[in-house]
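**Q** Chains as they are written, first to last, in numbering that gives the first Met the number 0: chain A, 0 to 255; chain E, 0 to 223.
Please keep in mind that the hints were generated in silico from the structure rather than gathered at the bench.
All residues carry an ideal CB built from backbone N, CA and C; glycine is no exception.
Be a bit skeptical, because a hint or two may be false.
Claimed, not checked - When the alpha-carbon atoms are kept at most 16 Å apart in a straight line, the in silico EDC-like pairs for lysine to aspartate or glutamate are as follows: (1) K141/A <-> E191/E; (2) K44/A <-> D197/A; (3) K141/A <-> D4/E; (4) K66/A <-> E191/E; (5) K44/A <-> D59/A; (6) K116/A <-> E94/A; (7) K141/A <-> E86/A; (8) K42/E <-> E114/E; (9) K44/A <-> D242/A; (10) K141/A <-> D5/E; (11) K43/A <-> D197/A; (12) K144/E <-> E191/E.
Said to hold, decoys possible - Chain E regions said to be covered by chain A (calculated; three or more residues, Cβ under 8 Å): (13) 101–108; (14) 165–174.
What the hints assert, rightly or not - Just the calculated beta-carbon pair ranges, DEER-fashion: (15) L156/A <-> S37/E: 57 to 63 Å; (16) L204/E <-> Q163/A: 42 to 48 Å; (17) G84/E <-> D121/A: 21 to 27 Å; (18) L213/E <-> Q199/A: 55 to 61 Å; (19) G201/E <-> L48/A: 45 to 51 Å; (20) G118/A <-> L74/E: 41 to 47 Å; (21) K116/A <-> L81/E: 19 to 25 Å.
As a plain string of letters, each chain reads:
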Amino acid sequence: MKMFAGRAGGWHWLVLFAGLFFPALPRAETVSIAVAANFTAPAKKLAELFSQESGHQTRDSFASTGKLYSQIHNGAPYAVLLAADAETPVRLAEEGLANGGSRFTYALGKLVLWSAKSGYVDTQGSCLQQGNFAHLAIADPKLAPYGRAAQQSLQALGLYERLQAKLVQGENIAQTQQFVASGNAELGFVSLSQLLRDGQLIAGSAWIIPEHLYQEIRQDAILLHNGQANPAATAWLAFLRSDKAHSVIRSFGYGT
Amino acid sequence: MLSADDLLAIRLTLQLAMVTTFFLLLLGIPLAWWLARSRRRYKGAVAAVVALPLVLPPTVLGFYLLILMGPQGWLGQLTQTLGLGLLPFTFPGLVIASCLYSLPFVVQPIQNAFESIGDKPLEAAATLRASPWDAFVTVALPLAKPAIVTAAILGFAHTVGEFGVVLMMGGNIPGVTRVISVQIYSHVEAMEYAQAHWLAGGLLLFSFVVLLLLQRFRPDKSFC
Chain A
0 MKMFAGRAGG WHWLVLFAGL FFPALPRAET VSIAVAANFT APAKKLAELF
50 SQESGHQTRD SFASTGKLYS QIHNGAPYAV LLAADAETPV RLAEEGLANG
100 GSRFTYALGK LVLWSAKSGY VDTQGSCLQQ GNFAHLAIAD PKLAPYGRAA
150 QQSLQALGLY ERLQAKLVQG ENIAQTQQFV ASGNAELGFV SLSQLLRDGQ
200 LIAGSAWIIP EHLYQEIRQD AILLHNGQAN PAATAWLAFL RSDKAHSVIR
250 SFGYGT
Chain E
0 MLSADDLLAI RLTLQLAMVT TFFLLLLGIP LAWWLARSRR RYKGAVAAVV
50 ALPLVLPPTV LGFYLLILMG PQGWLGQLTQ TLGLGLLPFT FPGLVIASCL
100 YSLPFVVQPI QNAFESIGDK PLEAAATLRA SPWDAFVTVA LPLAKPAIVT
150 AAILGFAHTV GEFGVVLMMG GNIPGVTRVI SVQIYSHVEA MEYAQAHWLA
200 GGLLLFSFVV LLLLQRFRPD KSFC
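When you get a sec, could you build the whole thing from the sequences and use the hints?
**A** Written out as structure tokens, the structure reads:
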């Protein structure tokens with residue numbers, strides 16, 4: 000018994016000894032971030048740069064904005080949300096789950112008409128007018144901002160009614176891309192960020208939809224209540240607004 | 000309450016489940032008979048393939064079907080040469096996918112029933128000069144009837160609850176491929192929780208009633 004107590008005392012010494020050194024180091028925190036699925040690739044790149052710069056670590060969870068919303072609503076421990084739209088952050092702030100003053104647009108989505116076949120989509124989009132295809136894939140306009148933008152563009156071009164019977168819907172923008180990539184749909188509306196690798200189109204042919212045809216796809220970030228006491232969360236949001244972060248975001252096909 | 004879209008999804012789901020169950024019985028009964036009676040060496044491999052959907056995530060099945068049925072896949076090339084077009088985003092495409100997805104739920108109960116009949120009743124039929132076909136229809140099928148009913152109910156219910164496969168290759172077209180489970184998912188994602196509850200609660204009740212019904216067809220009551 001006595002020996003055991005003596006040993007425990009020895010460990011206390013060690014802990015105290017270590018305690019003398021650690022407060023002197025900058026405190027590295029971990030910040031949990033909920034990221035809209037379409038921003039996966041740039042978020043990973045940004046997380047790397049952020050931890051190099053600040054010493055903080057990020058832990059990213061990727062899902063559709065709707066899913067992230069219901070997770071946050073049910074107590075998920077995220078500190079920051081990077082949404083795919085502007086409405087969800089506003090809604091969270093109204094419900095008292097996020098800090099409304101911290102909201103800002105971190106990226107602007109760009110809509111693209113894309114086919115896996117090269118030379119199929121021309122730069123004027125006249126293949127849409129001709130309609131020589133069986134299926135046109137879009138993301139579900141009810142769920143995905145890019146789906147809504149696709150619907151608006153078709154309406155602005157006066158083609159929505161005519162092409163409605165040919166529309167197939169992906170649950171999100173990644174699945175929509177899969178329909179087109181596998182050739183089951185000849186063409187579809189996806190986001191430019193899915194098609195760019197190092198500034199180059201990965202495959203097929205594409206038409207970047209003129210921005211006046213659809214309502215801006217604003218992707219907003221917001222500080223959640225869970226993250227308010229976490230210095231790493233505020234540091235991450237500040238980093239996201241920096242020029243360095245902006246150039247990364249642009250290289251992935253977003254506007255800033 | 001239920002919207003017009005919800006009702007359309009319910010009708011489509013029931014249609015899909017009925018057509019699928021019909022083809023599953025048509026295909027599953029002979030397959031179960033073969034699995035129960037055959038002594039071929041590759042029987043084990045066939046049984047394993049039939050059981051695959053039990054362990055594979057439905058998204059894997061849906062993903063491979065999407066590729067297989069696409070313009071580069073051999074099934075897609077076959078349907079195109081036959082002038083049938085491509086199968087993804089169509090009702091027949093969903094029927095094929097659902098048949099694969101629910102196959103073990105239909106084949107396995109029937110196979111078990113056929114196996115438990117054993118050789119004796121069939122040998123007895125043969126001594127009475129029944130042809131193998133005769134013995135199958137007048138002896139084996141009636142003895143396996145409770146298992147066939149169980150299999151049909153399971154196949155039907157499992158198809159009603161199908162989600163991942165349809166999501167992967169359906170394309171969410173109202174009245175063609177937008178089934179109940181996809182509709183529920185879409186309601187939840189769009190944060191329309193009230194509407195989601197109506198459909199989800201209905202599906203829960205339906206599943207419970209089906210499982211309750213199954214208790215009446217327990218094989219131990221049928222033959223001993």
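**Q** Give a verdict on every hint.
**A** Consistency of the hints with the structure:
Proximity of K141/A to E191/E is assessed by CA-CA distance (about 11 Å); at most 16 Å being required, the pair is judged to hold. Between the alpha carbons of K44/A and D197/A the distance comes to roughly 12 Å, so the proposed pair stays at or under 16 Å and holds. For the suggested pair K141/A and D4/E, the alpha carbons sit about 13 Å apart, so the restraint of at most 16 Å is met. In summary, the hint linking K66/A to E191/E is supported, as the alpha carbons are separated by about 12 Å, within the 16 Å threshold.
Restraint check for K44/A and D59/A: satisfied, since their Cα atoms lie roughly 11 Å apart, inside the 16 Å limit. At most 16 Å may separate the alpha-carbon atoms for a hinted pair to count; K116/A and E94/A exceed this at roughly 46 Å. Between K141/A and E86/A, the direct Cα distance comes to roughly 13 Å. Compliance with the 16 Å bound is thereby established for this hinted pair. Proximity of K42/E to E114/E is assessed by CA-CA distance (about 14 Å); at most 16 Å being required, the pair is judged to hold.
The suggested pairing of K44/A with D242/A holds, with an alpha-carbon distance near 15 Å, which does not exceed 16 Å. In summary, the hint linking K141/A to D5/E is supported, as the alpha carbons are separated by about 15 Å, within the 16 Å threshold. With a C-alpha separation of about 15 Å, the suggested pair K43/A and D197/A falls inside the 16 Å cut-off, and the hint holds. The straight-line distance between the Cα atoms of K144/E and E191/E is roughly 43 Å, outside the 16 Å bound, and the hint therefore fails.
With 0 residues carrying a beta carbon less than 8 Å from a beta carbon of chain A, the stretch 101–108 of chain E misses the three-residue requirement, and the given coverage is violated. Only residues whose beta carbon comes within less than 8 Å of a beta carbon in chain A count, and the stretch 165–174 of chain E has 6; three or more means the coverage holds. Roughly 60 Å separates the CB atoms of L156/A and S37/E, a value that falls within the hinted 57 to 63 Å. Between L204/E and Q163/A, the C-beta spacing of about 34 Å breaks the proposed range 42 to 48 Å.
As the Cβ distance of G84/E to D121/A is approximately 25 Å, the hint placing it in 21 to 27 Å holds. Roughly 56 Å separates the CB atoms of L213/E and Q199/A, a value that falls within the hinted 55 to 61 Å. G201/E and L48/A have their C-beta atoms about 49 Å apart, which keeps the hinted 45 to 51 Å range intact. A hinted range of 41 to 47 Å is violated for the C-beta pair G118/A and L74/E, which are about 27 Å apart.
Hint check: K116/A to L81/E, Cβ distance near 23 Å, so the stated range 19 to 25 Å holds.
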